[in-house]
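Engineer: Sequence:
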Amino acid sequence: MKDNKRYADEQILPPDDIEQPADDKIEEDASPKPKGMTSVKKARLLIAGIIIVLLAVLLVIYGSRLNYDNFRRFFVKIGYNFQSDKAPKETFEFPSASDARFIGFKGGAAVLSGGRLSVYDDRGYLLSENAMACKTPAVKTSGKYILCFDLGGNSLALFNSFDCVFELTTEKEITNASIGLGNHLAVCTYADEHKSRVVVYDTTFSPVFTVYRFDRYVTAAECSPDNRILAVAGVYPDSAETVGEILFFRYGESDSFASCSFGEEFPHTMFYKKSGLLFAVTDKGVYFIGKDGAVVSSTDINGKNVAALAYNDEYTAVAVADGGTERAEIFIFDGSGKTVRSFEADGPKKLSFGGDSLYYLTLSGLYGVKIKTGETRGYPAANATDIVAADKTVFLFSRGSGTVLNKE
Numbered sequence: 005m006k007d008n009k010r011y012a013d014e015q016i017l018p019p020d021d022i023e024q025p026a027d028d029k030i031e032e033d034a035s036p037k038p039k040g041m042t043s044v045k046k047a048r049l050l051i052a053g054i055i056i057v058l059l060a061v062l063l064v065i066y067g068s069r070l071n072y073d074n075f076r077r078f079f080v081k082i083g084y085n086f087q088s089d090k091a092p093k094e095t096f097e098f099p100s101a102s103d104a105r106f107i108g109f110k111g112g113a114a115v116l117s118g119g120r121l122s123v124y125d126d127r128g129y130l131l132s133e134n135a136m137a138c139k140t141p142a143v144k145t146s147g148k149y150i151l152c153f154d155l156g157g158n159s160l161a162l163f164n165s166f167d168c169v170f171e172l173t174t175e176k177e178i179t180n181a182s183i184g185l186g187n188h189l190a191v192c193t194y195a196d197e198h199k200s201r202v203v204v205y206d207t208t209f210s211p212v213f214t215v216y217r218f219d220r221y222v223t224a225a226e227c228s229p230d231n232r233i234l235a236v237a238g239v240y241p242d243s244a245e246t247v248g249e250i251l252f253f254r255y256g257e258s259d260s261f262a263s264c265s266f267g268e269e270f271p272h273t274m275f276y277k278k279s280g281l282l283f284a285v286t287d288k289g290v291y292f293i294g295k296d297g298a299v300v301s302s303t304d305i306n307g308k309n310v311a312a313l314a315y316n317d318e319y320t321a322v323a324v325a326d327g328g329t330e331r332a333e334i335f336i337f338d339g340s341g342k343t344v345r346s347f348e349a350d351g352p353k354k355l356s357f358g359g360d361s362l363y364y365l366t367l368s369g370l371y372g373v374k375i376k377t378g379e380t381r382g383y384p385a386a387n388a389t390d391i392v393a394a395d396k397t398v399f400l401f402s403r404g405s406g407t408v409l410n411k412e
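In terms of the working numbering, the sequence shown opens at residue 5 and continues consecutively.
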């Protein structure tokens, strides 16, 4: 066998005809390199700067409310700014229905109509559409979520600006539901062997507390802003009378620790204020109630009908009128239950707070009243049947369409 192994000391030299550089010609390039960033590094710094600026803008706009939903709304708004074909035309359309429901949400509006929930930003841009079929639609909001449910039906859902985040199908009919300022959900239904049942769901949408009432019909329930107390309004027979009452429960306790009795008045609407007071409406008056069940303040409406109601974090407004008359009195209360303004108006159909004003819709038009000064300004509102006010705009709604009115 021929041995192809090469010897370790074998040297391979270049051919003799290739000129080798002299040792003194081999020099190191010591010339200074031009200073500066590469294009990749510049691009990275630019992107980082843009992100920092956007985060700063988001913090200014949303502050402590900065979350994924608001973050997404912000970038959708920026995207719309670069799409001229989607510029707002001051009007928009949604499925038409006679029982449509409207509510303010994050400076814009939400519309539950024709089996669909449509969410709009402050300029009237459509952010999302989600299916929500209801025979008797009802809509509420905590500021973070939109609550939709079928009153007298079995379906309920929570939405953010874009998606459904929780769905519930109840065994018995829903008699009421609410989403508190702390984003705890209270669902009132009928129940076997009891007149009513209230189930509380926490921020993970898990049931954490249940109250059964065999002796009374529950008309409303609301979780306190600190998510520690459940207020339950109801009516029950007492001898030959029917009595209205609100009971207060601490989570996990089957017995109420406080109550507020209204005698023959029937509480049917209530919600907690940011101050921690509970606002309640009966067929004869409106009340602000403390944590111990004691009435802090009340206003007698003398058997008049509540024609319209609106509230935000700071104020609450109620319009009351005699049956068969258009003239109504509007009361504005602060967070402590004090009446800060009252005035009369012809036929207010809807109320809504926006910025420093209360807006009310009548048959003759739209009016805005400065809460502190009482200054009133009129706006055109032809054919509008409902309103939702925001800081700089007012949404005017009619059947199947909406209009964005600039207040400035």
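A hint or two may mislead.
To be verified - With a straight-line Cα cutoff of 20 Å, these simulated EDC-like cross-link-like pairs (lysine to aspartate or glutamate) come out:
1) 288 <-> 259
2) 176 <-> 133
3) 288 <-> 326
4) 148 <-> 326
5) 199 <-> 259
6) 148 <-> 206
7) 144 <-> 154
8) 295 <-> 318
9) 308 <-> 326
10) 81 <-> 154
11) 278 <-> 268
12) 376 <-> 390
13) 199 <-> 171
Calculated directly from the structure, the hints in this document are not laboratory data.
Engineer: Decide, hint by hint, whether the structure agrees.
Structural biologist: Cross-check of the supplied hints:
{"no.": "1", "hint": "288 <-> 259", "result": "violated, 28 Å"}
{"no.": "2", "hint": "176 <-> 133", "result": "violated, 28 Å"}
{"no.": "3", "hint": "288 <-> 326", "result": "holds, 12 Å"}
{"no.": "4", "hint": "148 <-> 326", "result": "violated, 36 Å"}
{"no.": "5", "hint": "199 <-> 259", "result": "holds, 17 Å"}
{"no.": "6", "hint": "148 <-> 206", "result": "holds, 14 Å"}
{"no.": "7", "hint": "144 <-> 154", "result": "holds, 12 Å"}
{"no.": "8", "hint": "295 <-> 318", "result": "holds, 18 Å"}
{"no.": "9", "hint": "308 <-> 326", "result": "holds, 5 Å"}
{"no.": "10", "hint": "81 <-> 154", "result": "violated, 31 Å"}
{"no.": "11", "hint": "278 <-> 268", "result": "violated, 29 Å"}
{"no.": "12", "hint": "376 <-> 390", "result": "violated, 24 Å"}
{"no.": "13", "hint": "199 <-> 171", "result": "violated, 24 Å"}
Comparing the model with each numbered hint stated earlier shows that hints 1, 2, 4, 10, 11, 12 and 13 do not hold.
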